[in-house]
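**Q** Just so you know, the protein sequences line up as chains A and B, in that order. The first sequence begins at 1 in this note's numbering and counts up one residue at a time. The second sequence begins at 1 in this note's numbering and counts up one residue at a time.
No wet-lab data here; the hints were simulated from the structure. These figures come from a predicted structure and were not determined experimentally. A couple of the hints might just be wrong.
Within a straight-line C-alpha distance of at most 25 Å, the following computed BS3-like cross-link-like pairs (lysine-lysine) qualify [said to hold, decoys possible]: (1) B:Lys55 - A:Lys3; (2) A:Lys3 - A:Lys301; (3) A:Lys141 - A:Lys191; (4) A:Lys33 - B:Lys112; (5) B:Lys55 - A:Lys150; (6) B:Lys55 - A:Lys141; (7) A:Lys271 - A:Lys301; (8) A:Lys191 - B:Lys55.
Computed beta-carbon distance windows for the label pairs [stated by the list, open to error]: (9) A:Lys141 - B:Arg37: 35 to 41 Å; (10) A:Ser261 - B:Val36: 52 to 58 Å; (11) B:Arg93 - A:Arg92: 51 to 57 Å; (12) A:Gln336 - B:Arg37: 52 to 58 Å; (13) A:Arg92 - B:Arg60: 30 to 36 Å; (14) B:Ser51 - A:Glu198: 36 to 42 Å; (15) A:Gln11 - B:Arg90: 43 to 49 Å.
We put the beta carbon where it would ideally sit given N, CA and C, even for glycine.
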Amino acid sequence: MHKWYQEAGEQNDVVISTRVRLARSLPGYPYPKRMNAAGRQQVEQMIYEAATNENAAVGHQFAYWRMEDIGRTDGLSLAERRLVQPDFPADRMGGLLVTQDESLSLLVNGEDHLRIQVFRAGMELESAYAEADHLDTILDKELHFAFDPKLGYLTQDPANLGTGMRASVLLHLPALHESGSIGRIAAGLAKLGLVLEEEPFDPSNEEEQTSRYLLSNRLTLGLNEEEALRNLKSIAQQLLVQERTARLSLAEKLEMQDAVSRALGVLQSAKMLGEQELPDLLYRVRLGIAAGLISGVGVEKIDALLMELQPATLTLACGRRLSQSQRDGLRAEVVQRVLG
Amino acid sequence: MTPHRQEEAKKRVPAHVRVVVDVHCPVCGASFDDIVRSGRAGCAECYHTFSDRLKPVIERIHGEAVHRGKVPGANLPQPRQSSQLVVKRRALREAIDTQNFEYAAALRDQIKALEEGGGRHA
Ligand SMILES: [Zn+2]
């Protein structure tokens, strides 16, 4: 089954992925948190019907997850794949419609009645927005989203008023991280209405050396979608240039070459790979590939491994319950199929 | 405080702050306090119900900006007013179905206003 995160995206030496989401709500219904189960059910039904109506030209086949009866591992895996917030399955209130390649999804009864989410590998802000925009237009014909000419789309959080659009790029910035300049850069970006924040792979793992950062737009009112995307893209481009420049000198250092080689060595020969140690090792190798120190494999293979080897997702792919050591063993096998 | 000073103090409070203390949103039942406490609107209608008092809250986040992005239905060949009517009539049906009579009454007024406005321009 092909997934969006297996693709080799634009500028993927630094840009891991792009996400665009549109927050929408239905007029005449309280936001999900203020609604009872019957009301939420009604909203879910309306959105489900609009999205699966064959005459509406949505043109997508969606799998439908209801959080009310989702299994624990399935819910955890959706969160691992960033399709839902970690607390969303546990709240048991919402639903998720998702295409087979997982690039397009509809989150129902989360913070807002509906969030349209699009994922792309690499830097793909325009095409990701175009897809979300297209689906929004089709669904609006059925659902008539709550809108005010001055305030724009009426979202639960006033901070999202206006376009209701949050666009982001997930960046691998090991060299800027190493140089210690991220804090200063982030402070400068905040003044421009952009947010640059750490995106740890596993927030519960304090050992993790995070080198992933999420760059997103904060402003939604007073500028249109194209302007917001253009701002975000131009800042992302500048960060890419800085990161690449910093990588050039980093790649000459023996310490860094050693760290990359050691990581590759462990990944190629370990019999067991734990979930906590895996991200650091794979991200070091990812940097080694992008810097030209490792050849014969693309960074997209690393990104796919990072996604697929997360505990719940790996368990689901295997199709049966695994003990921790079985899982660690399987992880090493899968890694060596790619890096062997 | 002298009676005179009390009068002066009252004058400094904008009139609407006193008269709307007990207003609840007809759709979700939220009061302005609920919204301030949670930092979240209760429903889309809250933005209209409490528009005066939410204005400074929104300005604190966004400045005095107004929406410049996508307008729903803009790419459809539909006269704005009639599409508003379609939306409101549909919402009215649903409000009646769900026995949300307070909201239904508000919608009925809005529909009437739209119909009368449309008649003048026709
Ligand atoms: Zn309300």
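**Q** Each of the hints needs a verdict: does it hold here or not?
**A** Evaluated hints:
Only pairs whose Cα atoms come within 25 Å are accepted, and lysine 55 (chain B) paired with lysine 3 (chain A) is rejected, the gap being roughly 44 Å. Only pairs whose Cα atoms come within 25 Å are accepted, and lysine 3 (chain A) paired with lysine 301 (chain A) is accepted, the gap being roughly 12 Å. Between lysine 141 (chain A) and lysine 191 (chain A) the CA atoms are separated by roughly 37 Å; this puts the pair beyond 25 Å, and the hint is violated. Between lysine 33 (chain A) and lysine 112 (chain B), the direct Cα distance comes to roughly 32 Å. Violation of the 25 Å bound is thereby established for this hinted pair.
Taking the CA atoms of lysine 55 (chain B) and lysine 150 (chain A), the gap is near 11 Å; set against the 25 Å cutoff, the hint holds. Under the criterion of a C-alpha separation no larger than 25 Å, the hint pairing lysine 55 (chain B) with lysine 141 (chain A) is inconsistent with the structure, at around 29 Å. Proximity of lysine 271 (chain A) to lysine 301 (chain A) is assessed by CA-CA distance (about 20 Å); at most 25 Å being required, the pair is judged to hold. Taken as a hint, the lysine 191 (chain A) and lysine 55 (chain B) pair is honoured in the structure, with Cα atoms around 23 Å apart against an allowance of 25 Å.
The beta-carbon spacing between lysine 141 (chain A) and arginine 37 (chain B), approximately 36 Å, falls within the hinted interval of 35 to 41 Å. Range check, serine 261 (chain A) to valine 36 (chain B): about 57 Å between beta-carbon atoms, so the 52 to 58 Å window is met. Between arginine 93 (chain B) and arginine 92 (chain A), the C-beta spacing of about 30 Å breaks the proposed range 51 to 57 Å. Distance hint check: the CB atoms of glutamine 336 (chain A) and arginine 37 (chain B) are about 54 Å apart, consistent with the given range 52 to 58 Å.
Against the hinted window of 30 to 36 Å, the Cβ-Cβ separation of arginine 92 (chain A) and arginine 60 (chain B) comes to about 34 Å, which satisfies the hint. For serine 51 (chain B) and glutamate 198 (chain A), the Cβ-Cβ distance of about 38 Å falls inside the hinted range of 36 to 42 Å, so the restraint holds. As the Cβ distance of glutamine 11 (chain A) to arginine 90 (chain B) is approximately 45 Å, the hint placing it in 43 to 49 Å holds.
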